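Protein chains: 2
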Amino acid sequence: MTAASRIRGAAPDDEIIVLEAGRFTSYSACGIPFVVGGVVTGGVEALIARSPEEHRRRGIDVRIHHEAMAIDTGAGDVEVLDEGAGRTFRLGYDQLLVATGGAPIRPDLPGINLPFVRGVQSLQDAEVLLGLAEQGCHRVVVVGGGYIGLELAESFIERGCTATIVERQAQPLGMIDADFGQRVAAALVGHGVEFRGKVDVEGFEPGQVITSEGPLEADLVVLGIGVRPRSELAAAAGIEIGVADAITVDDRQATSVDGVWSAGDCAASTHLVTGQPVYIALGTYANRHGRVAGLNMAGGELRSPPVLGTAITKLCQLGIAITGLTERAAVDAGLDAFSATIDTTTKAGYFSDAEAVTVRLTAERDTGRLLGAQIIGSDSAAKRIDTVATAITAGMTVAQVADLDLAYAPPFSSVWDPVAVAAREAIKLV
Amino acid sequence: MTAASRIRGAAPDDEIIVLEAGRFTSYSACGIPFVVGGVVTGGVEALIARSPEEHRRRGIDVRIHHEAMAIDTGAGDVEVLDEGAGRTFRLGYDQLLVATGGAPIRPDLPGINLPFVRGVQSLQDAEVLLGLAEQGCHRVVVVGGGYIGLELAESFIERGCTATIVERQAQPLGMIDADFGQRVAAALVGHGVEFRGKVDVEGFEPGQVITSEGPLEADLVVLGIGVRPRSELAAAAGIEIGVADAITVDDRQATSVDGVWSAGDCAASTHLVTGQPVYIALGTYANRHGRVAGLNMAGGELRSPPVLGTAITKLCQLGIAITGLTERAAVDAGLDAFSATIDTTTKAGYFSDAEAVTVRLTAERDTGRLLGAQIIGSDSAAKRIDTVATAITAGMTVAQVADLDLAYAPPFSSVWDPVAVAAREAIKLV
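Just so you know, the sequences run in chain order Z and H. Heads up: the first sequence begins at 1 in our numbering, then just goes up one per residue. Heads up: the second sequence begins at 1 in our numbering, then just goes up one per residue.
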């Protein structure tokens, strides 16, 4: 919808048709856990930025309950299923955007399609989860330790349910280092969530999850394993699929087929540090992809910047953030990397309510070039990840980061900002 | 003391003598308002990072109540007044650091030296202010709208006193734009502080402040006009004094005289954007100056980075931050500058507790190079100034800032971070 809006703005006379298999447009999937938990009131409607009707009033022909079934790039048309009318028709295009999004990963396990096993992706999912939370669903099992699953576990605890996370690894949030993941697990447990690490899920039966450590009773199972690109439609049309099965795009969001573009959780990005294609499903990238694709489809010339995978989450009063590469990821990418970790506080030490924060910077040996960072602490502490993301984008070394003129006042940090303290520590190890 | 510690670390056999006119070392002057307000407990002692005795144990010969009266750079010695013994003696040096700090500006007005007119600089000042706050001092008048004065006004309100700020300008915090200053004034007034703008102070009499709008009753007057460098000792010794009467130093913290160095609130810095000398008295710079001076005095080779004047304060739950140049300052520096301002929230809009934040970016016309920023909002919102400071240091344009991969989750911002939103707005005006 971001792309459609951009086309509308840039090319007022173009005809724009949007095919939406569901009935919602322009909503914040990231907000679902907060609606389920009741922090955000007003139900799932609160997450809608712009309804199909609002888009229509702006001259965008949104057709809900219309599913794109096939693309014929040679003929330049799409086969569409009109679910309401129960008929199929073909719709021609001059320019086509494939914005099929992502889907929760559903492992191929017995019982995976039982109705009590839910993903967290669409507002339809949100409605189901909210309904269950409000009806007093008691036993929730989250499969996998991705951030959306953790956020939902916290939300269901807020609703008075029990919540158990079952994770194959020893700790949740596999994209961050294990010791950071352990601290996240501890915070969840402190909040009343049960965390079961190193446990495999083997299947589902009505009312229970079968695991390598026996059955777990469950009224609801939430899939929190991650997201995969919904690229089947594009793949079937011969559009190039690449990293992690995501649709391959250039920095204009153009696919391998002339006149076909892609944006959002179905499309790949380029990593700023490695220069390699990468699949990272984040709302910010989807939005940016859409903006770039839309302007280019309208004859403009805009480029998507490479990405760092900067992400943040707030769990049980804990803020966790990451940007760029972990040391492990850097080594996997063939870089000679090291990390420096510091523990400090988010206020001057003489404040009795100073909160702990841990910063880990990852850098390239010899050059000292910053490659990534992880921060865990209070929620405002974690947002300091942006300083690091900016420094990585600028190609700064840890010595340059240590020299940054960052804001200081006693209610915010010790004299040196935690990011600068970590950079100082890293300088010693270059 | 930072310099002394650095020399101790780098040159274990060097003799290090520190002359301190008072009796405290290594304290956080920035923390004084929080001790006076009672947010920080434990009295002024809480602000001391390292006492003279602790320094002595580390081999630094700290002599308290010893005041440097004159420097003879030809002979290489200092005339010292030992206040306890009531005698003067000369002390030779191989390398000398002038770290005489800053002093509250005391305007030349009748009654300025009356004992109820106090600065906020030393722990002695802090002891007096804390004592008055605890003894139920009722009517406090702050002269000037600098941030330390505003912080103290808030602190005295917390203690149940009345606090009136008398400021020559229409609004406080002259280093930020007037409309931001007005919002700070409104927050102070909302907290119970009386703010009197466009009022001149004409003098002091016991129990009252004489102003252009008549007398104000006061048990205590706090000077909050700003800080000046205490450079008289250096000037009398023929050491070069420059911008705003601060001691001129190169990026090694060396003064115009061989073997004499300077660091802290008595010394100038170099502005990163203009490349010109600038006097900005901040704890971060003092600490950094000291570190650089100390290592260089011990034979090392370290450079002080140029500064942006990045500053932050928390007043009455409001966070206010600045970095780089305001538009006015940029124009004064001969730059063709413009500003873009946006209002947004610190959480996704569907959170009922989303807080307002305003970001103003200042950039160079034609190039779009970022020159400065001001942020006002919640306290965590203001710390986003660091993203801008990092971007300015990297020489980024507003278009590059709009493309930064900043962290997003609904509890932290709308999909686009306020800094990126402001950069988008600025792009339109380049």
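Wrong hints could be hidden among the right ones.
[To be verified] Stretch-level coverage of chain H by chain Z, calculated; a stretch enters the list once three of its residues show a Cβ under 8 Å from a Cβ in chain Z: (1) 10-21; (2) 41-54; (3) 91-101; (4) 258-267; (5) 306-316; (6) 384-393.
If you are wondering where the hints come from, they were derived from the structure by calculation, not from laboratory data. Here the structure is a predicted model, which means the values were calculated and not measured. Glycine residues also receive a C-beta, built at the ideal position from the N, C-alpha and C atoms.
Hints versus structure:
| no. | hint | verdict |
| --- | --- | --- |
| 1 | 10-21 | violated (count 0) |
| 2 | 41-54 | holds (count 4) |
| 3 | 91-101 | violated (count 0) |
| 4 | 258-267 | violated (count 0) |
| 5 | 306-316 | holds (count 8) |
| 6 | 384-393 | holds (count 8) |
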